[in-house]
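Visitor: Sequence:
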Amino acid sequence: MTMKSIGLAAAVAALAVSGISHAATAKAPEPARAVDLKRFYSGVWIEIGRRPMKLTDGCVAGATEYKIVGATRVNVLDTCHAGTPAGKLKAIGGPGEIKDPGANAKLHVTYRVFGFIPVASWEYWVLDHDDAYTWFISADPTFKNLWIYTRDPHVDPALLKSLIAKAQALGYDTSKLEFPAQP
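Numbering (numbering that gives the first Met the number 0), first residue to last: 0 to 182.
Think of the hints as simulated: they come from the structure by calculation, not from any bench.
You can trust all of the hints, since none of them are fake.
Heads up, simulated DSSO-like pairs for lysine-lysine below, C-alpha to C-alpha not over 30 Å straight-line:
{"no.": "1", "residue 1": "K89", "residue 2": "K37"}
{"no.": "2", "residue 1": "K37", "residue 2": "K66"}
{"no.": "3", "residue 1": "K105", "residue 2": "K160"}
{"no.": "4", "residue 1": "K66", "residue 2": "K87"}
{"no.": "5", "residue 1": "K26", "residue 2": "K66"}
Given only the sequences and the hints, what does the whole structure look like? Please build it.
Guide: Here it is in structure tokens:
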């Protein structure tokens with residue numbers, strides 16, 4: 000290897016590392032406001048929009064159910080149906096830990112199969128929500144994933160348009176959102 004090719008290889012490696020570190024440091028915006036633990040982390044939320052991911056390929060009629068089990072602990076159950084809203088039910092769940100007690104807008108969930116074998120771990124930030132707790136926008140802190148949830152599976156088109164605009168204002172490429180069928 001010549002000195003010129005070594006220098007070129009070093010430059011390419013430096014660019015690759017700087018690109019990796021930039022991607023690793025890109026973070027979602029901080030949550031806009033605190034979340035009321037009892038109002039937010041109870042009951043079922045309907046997944047209206049999401050960024051595509053392998054885990055949800057073919058999933059429609061998605062929902063997340065939260066149950067408070069302690070001051071900073073929440074059980075999470077994510078469900079969807081294969082292909083159509085009447086399709087086979089798929090579910091995965093696990094314990095969640097609130098990472099910012101008091102604000103309650105950052106949740107870490109460890110998903111498990113059979114109730115005890117960990118298979119995945121995710122960070123969720125509630126970036127914004129309405130005062131009535133009828134909708135929220137959530138993301139992971141790396142800007143990779145984005146979700147829009149409501150309490151009602153049938154969202155007014157004007158509200159959905161507004162939520163997409165809010166997500167875009169937070170810096171997300173909303174052109175990648177998909178809107179799975181609901182019952």
